[in-house]
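If you want the building blocks of each chain, they are given just below.
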Amino acid sequence: MSKKFASERRNFVIGSLAAGSTVFAGNATKATGHDDPAITELQPWASELGDGVDASPYGKPSDFEKHVIRRNVSWLTADPTSSVNFTPLHALDGTITPNGLCFERHHGGVAVVNPGKYRLMVNGLVDQNTVFDLSDLMRFPRTNRLYFLECAANSGMEWRGAQLNGCQFTHGMIHNVLYTGIKLKDILREVGLKQSSKWILAEGADSSAMTRSIPIEKAMDDCLIAFKMNGESLRPEQGYPVRLVVPGWEGNMWIKWIRRIEVGDKPWHHREETSKYTDLFEDGNARKFTWEMDAKSVITNPSPQAPVLHGRGPMVLTGVAWSGRGKISRVDVSTDGGISWNEARINGPADSKSMHRFYYEFDWNGQQLLLQSRAQDDTGYVQPTKDQLRSIRGENSIYHNNGIQTWAVDRNGITENVEVS
Amino acid sequence: MLKYLNLALIQFSLILFAHTGQSEPLGLGRAATENELKAWDIDIRPDGAGLPTGSGSVLSGEETYTENCASCHGDFGEGIDRWPELAGGFDTLDSEDPVKTIGSYWPYLSTVWDYVHRAMPFGNAQSLTDDDVYSITAYILYLNDLVEEDFELSNKNFSSISLPNEDNFFHDNRNTLENKQFVKRCMQNCKPDVKITKRAVVLDVTPDTEIETEKSVPKVEIQEETASLNPQLVKDGEKVFKKCKACHKIGAKAKHGAGPHLNNIYGRIAGSLNDYKKYSKNIINAGNNGLIWDSETLSSFIENPKKYLAGTKMNFKGIKKSADRNALLEYIKSIASSGN
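Protein chains in written order, with numbering that gives the first Met the number 0: chain A, 0 to 420; chain B, 0 to 339.
Simulated from the structure, these hints should not be mistaken for lab results. C-beta atoms are modelled at their ideal positions from N, C-alpha and C, and glycine is treated no differently. Check each hint, because a few of them may be wrong.
[Said to hold, decoys possible] Lysine to any residue pairs mimicking SDA-like chemistry, simulated, CA-CA at most 20 Å apart: (1) A/197 <-> A/124; (2) A/287 <-> B/173; (3) B/242 <-> A/393; (4) B/254 <-> A/73; (5) B/241 <-> A/79; (6) A/116 <-> B/32; (7) B/242 <-> A/78; (8) B/194 <-> A/413; (9) A/197 <-> B/170; (10) B/179 <-> A/393; (11) A/193 <-> B/25; (12) B/312 <-> B/74; (13) B/190 <-> A/384; (14) B/183 <-> A/384; (15) B/197 <-> A/413; (16) A/287 <-> B/46; (17) B/244 <-> A/108; (18) B/238 <-> A/73; (19) B/277 <-> A/78; (20) B/37 <-> A/126.
[Said to hold, decoys possible] Interface residues of chain A toward chain B, partial, derived using beta-carbon atoms under 8 Å: (21) 120; (22) 128; (23) 160; (24) 162; (25) 200; (26) 210; (27) 258; (28) 267; (29) 281; (30) 282; (31) 284; (32) 289; (33) 381; (34) 383; (35) 407; (36) 420.
This is chain A alone, in the form it adopts within the complex:
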């Protein structure tokens, strides 16, 4: 391949891409025997002084990473105060989602709660209707846990077919965060549960006063009342100062800005568990209380926003996998659209109900690829194809689409969202 062609190809790729995508190759020449000006010329950073220590007291990403941001799809919703944006999965690695990149979903905008006026009320079928302030919560024993939060509608736009070109948009309603908080069961024990208690209602302090019913078994199992994410206070858009953590279950239940927990003997059937977050089947009947998130995976590189710019030869394919029922025991990867599969390598923290990172390194021969990943969790459940899901649920569903994703990589490395037979 002539050098001229290679350069034209690169220009084409860049022109048809998300502008601003990081092109690590830069202008480096790969031909041997030529001097690389990145080395032979004195670079300004090697000569001049940089900023002093307090130039950015909180700190921010490199200016070269300005394109790594949450993005929304404006046509999805009526208004940005009741909408969603998406985590840039294609630009991340490892397993932890940086706080500023965790996708947002609000139903009445971001509530700005003054921590001095923060109260958590627990009432209903309890020995004592009780009010806690933040300093009370800080005196319960703390725990640290890594969990993914996935919106039940993640990949919902793909139910009827490939629609959005980018794993940020198809799979970006997820984040994986280390929470510091206290066990919900410690709080429920503190107020004393009545024998008849079967459900809790968690309620937010925002202007949508978001509510969800949660069975008492889950509340007494692994739910947390969290106040830190990845070591720092929760971000406002993630529920500052306090949110509920409901491991493995759909994100809508993780009530942000939580102000009240009512204990009762029946579910409340509120808006977000009847008109929303129910799965309409082809026959017009709808499935409700679909709390657990099924095992799922997606390849983040290559993907439409992160095409292959390096040409044939060694390639690192990577992606993420998770299950609301436990750990991911295995991820397989196909490069031929699901005819044959190879086991990928899981690397990094791999906690139950948290995001797992997988890698598959191979030698690309420059031909078209149809990339797929398939997760299996430790219950034995294997991520199904989209057609398997449709054959059971029809095409009117919105939520819980955990079907296998296909990316087509062409000879130029351009990657697009497709479905295959």
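Following the hints, position chain B against chain A.
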């Protein structure tokens, strides 16, 4: 001796608590008062638990709904733009285009009362009285042909109303229906061949992936002296603007919502934005007759929109306090004059 033994037991149990985390109450928090419970314990259940005493008719509901809900949900619950449809959609749930409304989909009326009361109107939540909520709920039933126009809903007859789709929900059955099928993991020769069947590029609905440059909003011709902007007033006004922002956007990326964007509102002829299609005839006429928005006209309009400009589609009660109006206008002015 007995005394010492007790002491030893207490010490032992203290050690036990310390090591096992929490198994006895820590004595944290305080009892909630009756008024606190009344303020926050607002949830309603399908069996009627939680419903306050009160009532409201279809007739009174029409007025309350038109004033508070119609600007987003439409006069007949048809939904404007992408705001939810509230009425109709019967017999569509098993079609290719299911329309999920309160009448066609929602299983329980209590959910309507609870949600309207806790979260509506959008941007002005928990501002409705209990009787307003009964009225709106009654009117939504009427829009769905579920009650007659002389109907009155109250806490007494609430439980006698059931919604048509109540019986068509079933509990999560993934465990028995799906999960046992999803256990096979083929590794080789899993299918004879592969063809691409669907491509996202065909639809072309992915947001432009270019980093949005700050789009330049047409230069503002500032009609009034803006050097004297009062920062405190601007800050207060930003809070007042929360009442407006469900419908009106302002700033560099502002687009039209239910109402027109407010960039360059100062000096704008009323009803004059060509790309905003939802003006009332009356506001366009007012503009043609010379109504130009300035501090005085805006303040009068915002104080009581329907009184100042009969026939306006702006369903908003108005901001009665002149201090709030002044702050709001200062805020709007600050955005307009910051060159955004």
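Hint check results:
{"no.": "1", "hint": "A/197 <-> A/124", "result": "holds (9 Å)"}
{"no.": "2", "hint": "A/287 <-> B/173", "result": "holds (11 Å)"}
{"no.": "3", "hint": "B/242 <-> A/393", "result": "violated (41 Å)"}
{"no.": "4", "hint": "B/254 <-> A/73", "result": "holds (11 Å)"}
{"no.": "5", "hint": "B/241 <-> A/79", "result": "holds (13 Å)"}
{"no.": "6", "hint": "A/116 <-> B/32", "result": "holds (16 Å)"}
{"no.": "7", "hint": "B/242 <-> A/78", "result": "holds (14 Å)"}
{"no.": "8", "hint": "B/194 <-> A/413", "result": "holds (18 Å)"}
{"no.": "9", "hint": "A/197 <-> B/170", "result": "holds (16 Å)"}
{"no.": "10", "hint": "B/179 <-> A/393", "result": "holds (19 Å)"}
{"no.": "11", "hint": "A/193 <-> B/25", "result": "holds (18 Å)"}
{"no.": "12", "hint": "B/312 <-> B/74", "result": "holds (11 Å)"}
{"no.": "13", "hint": "B/190 <-> A/384", "result": "holds (13 Å)"}
{"no.": "14", "hint": "B/183 <-> A/384", "result": "holds (11 Å)"}
{"no.": "15", "hint": "B/197 <-> A/413", "result": "holds (16 Å)"}
{"no.": "16", "hint": "A/287 <-> B/46", "result": "holds (18 Å)"}
{"no.": "17", "hint": "B/244 <-> A/108", "result": "holds (11 Å)"}
{"no.": "18", "hint": "B/238 <-> A/73", "result": "violated (25 Å)"}
{"no.": "19", "hint": "B/277 <-> A/78", "result": "holds (17 Å)"}
{"no.": "20", "hint": "B/37 <-> A/126", "result": "holds (18 Å)"}
{"no.": "21", "hint": "120", "result": "holds (6 Å)"}
{"no.": "22", "hint": "128", "result": "holds (4 Å)"}
{"no.": "23", "hint": "160", "result": "holds (4 Å)"}
{"no.": "24", "hint": "162", "result": "holds (5 Å)"}
{"no.": "25", "hint": "200", "result": "holds (6 Å)"}
{"no.": "26", "hint": "210", "result": "holds (6 Å)"}
{"no.": "27", "hint": "258", "result": "holds (7 Å)"}
{"no.": "28", "hint": "267", "result": "holds (5 Å)"}
{"no.": "29", "hint": "281", "result": "holds (7 Å)"}
{"no.": "30", "hint": "282", "result": "holds (6 Å)"}
{"no.": "31", "hint": "284", "result": "holds (5 Å)"}
{"no.": "32", "hint": "289", "result": "holds (5 Å)"}
{"no.": "33", "hint": "381", "result": "holds (5 Å)"}
{"no.": "34", "hint": "383", "result": "holds (5 Å)"}
{"no.": "35", "hint": "407", "result": "holds (6 Å)"}
{"no.": "36", "hint": "420", "result": "holds (5 Å)"}
Hint check: violations occur at hints 3, 18; the rest are consistent with the structure.
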